[in-house]
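Each residue of the sequence shown is one higher than the last, beginning at 19 in the working numbering.
It is worth saying that the hints were derived from the structure and are not from the lab. Fair warning: this is a prediction, and the values are worked out from it, not measured in the lab. Even glycine gets a Cβ: it sits at the ideal position worked out from N, Cα and C. Accuracy of the hints is not assured; some may be wrong.
Under the rule of at most 25 Å between Cα atoms (straight-line distance), these lysine-lysine pairs were calculated in the DSS-like manner [unchecked claim]:
hint, residue 1, residue 2
1, LYS61, LYS88
2, LYS61, LYS40
3, LYS40, LYS58
4, LYS58, LYS88
5, LYS40, LYS77
6, LYS77, LYS48
7, LYS40, LYS88
8, LYS61, LYS77
9, LYS58, LYS48
10, LYS88, LYS48
11, LYS48, LYS61
12, LYS77, LYS58
13, LYS77, LYS88
Each pair of labels, with its calculated beta carbon distance range [said to hold, decoys possible]:
hint, residue 1, residue 2, range
14, ASN73, PRO31, 14 to 22 Å
15, ASN29, GLY91, 18 to 26 Å
16, THR65, ARG41, 13 to 21 Å
17, SER74, ASN29, 16 to 24 Å
18, ASN24, ALA44, 27 to 35 Å
19, ARG41, ASN69, 27 to 35 Å
20, ILE50, ASN29, 29 to 37 Å
21, GLN92, GLY47, 29 to 37 Å
22, GLN92, ASN69, 28 to 36 Å
23, THR65, ALA37, 14 to 22 Å
24, ASP49, PRO27, 25 to 33 Å
25, GLU86, THR66, 28 to 36 Å
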Amino acid sequence: MKFELNSLPRNCPDETIIAEMKRVDAIIGKDILSRRDFDKHSKINSTTICNRFGNSTWKDVLVRAGLEHKYGGQDF
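Given only the sequences and the hints, what does the whole structure look like? Please build it.
Listed below in C-alpha cells is the structure:
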C-alpha cells in the first residue's frame, strides 16, 4: 500500500503548487478551471494559493501557472 498525503505542506515550493494546479486541471478536463472544481480535487485550497502568491486573484494564479486560457470570468 502506498502512503500519500492528502494535502501539500505549507512550505512547499511555488513549483509544487503550480504542478498541483496542472494535475487538477488534467483530472477535471474542462474548458474552465473554476475555484470550486479545483478545491474539490486539489491538495491545496484555492484561497491558500491566492494568498501565497501575494493576495492574487484566481485569474492571476492561473496566469502564473500557464493556465490563463482556463479562466471563466469569475473569481470566487
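Hints, one by one, checked against the model:
1. A hinted pair counts as satisfied when its Cα atoms are at most 25 Å apart, and LYS61 with LYS88 qualifies at roughly 19 Å.
2. Of the pairs offered as hints, the one joining LYS61 and LYS40 holds, with about 12 Å between alpha carbons and a cut-off of 25 Å not exceeded.
3. For the hint linking LYS40 to LYS58, the alpha-carbon distance of about 14 Å falls within 25 Å, and the restraint holds.
4. Annotation: proposed proximity of LYS58 to LYS88 holds, straight-line Cα distance about 16 Å (limit 25 Å).
5. Restraint check: the Cα-Cα separation between LYS40 and LYS77 comes to about 14 Å, which is no more than 25 Å; the hinted pair holds.
6. Simply put, LYS77 and LYS48 have alpha-carbon atoms about 16 Å apart, close enough for the 25 Å limit, and the pair holds.
7. About 11 Å separates the Cα atoms of LYS40 and LYS88, which keeps this hinted pair within 25 Å; it holds.
8. For the proposed pair LYS61 and LYS77, the alpha carbon gap of about 19 Å is at most 25 Å, so the pair holds.
9. Pair hint LYS58 plus LYS48 holds up; C-alpha atoms about 14 Å apart against a cutoff of 25 Å.
10. In summary, the hint linking LYS88 to LYS48 is supported, as the alpha carbons are separated by about 8 Å, within the 25 Å threshold.
11. The hinted pair formed by LYS48 and LYS61 meets the criterion: a straight-line CA distance of about 19 Å does not exceed 25 Å.
12. A C-alpha spacing of about 18 Å is found between LYS77 and LYS58, which places the hinted pair at or below 25 Å, so the restraint holds.
13. As the CA atoms of LYS77 and LYS88 are separated by approximately 9 Å, the hinted pair is consistent with the 25 Å bound.
14. A C-beta distance of roughly 19 Å is found between ASN73 and PRO31, which places it inside the suggested range of 14 to 22 Å.
15. In this structure, ASN29 and GLY91 break the distance hint of 18 to 26 Å, their C-beta atoms being roughly 32 Å apart.
16. A hinted range of 13 to 21 Å for the beta carbons of THR65 and ARG41 is consistent with their spacing of about 18 Å.
17. For the pair SER74 and ASN29, the supplied restraint of 16 to 24 Å holds, since their beta-carbon distance comes to about 19 Å.
18. Against the hinted window of 27 to 35 Å, the Cβ-Cβ separation of ASN24 and ALA44 comes to about 19 Å, which falls outside the hint.
19. A C-beta distance of roughly 20 Å is found between ARG41 and ASN69, which places it outside the suggested range of 27 to 35 Å.
20. For the hinted restraint 29 to 37 Å between ILE50 and ASN29, the CB-CB distance of approximately 30 Å keeps it satisfied.
21. Taken as a hint, the range 29 to 37 Å is violated for the pair GLN92 and GLY47, whose Cβ atoms sit roughly 19 Å apart.
22. Range check, GLN92 to ASN69: Cβ separation about 18 Å, and the 28 to 36 Å hint is violated.
23. The supplied range of 14 to 22 Å is met by THR65 and ALA37, whose beta-carbon atoms lie about 19 Å from each other.
24. ASP49 and PRO27 have their C-beta atoms about 31 Å apart, which keeps the hinted 25 to 33 Å range intact.
25. Between GLU86 and THR66 the beta carbon distance is about 20 Å. The supplied range of 28 to 36 Å is therefore violated.
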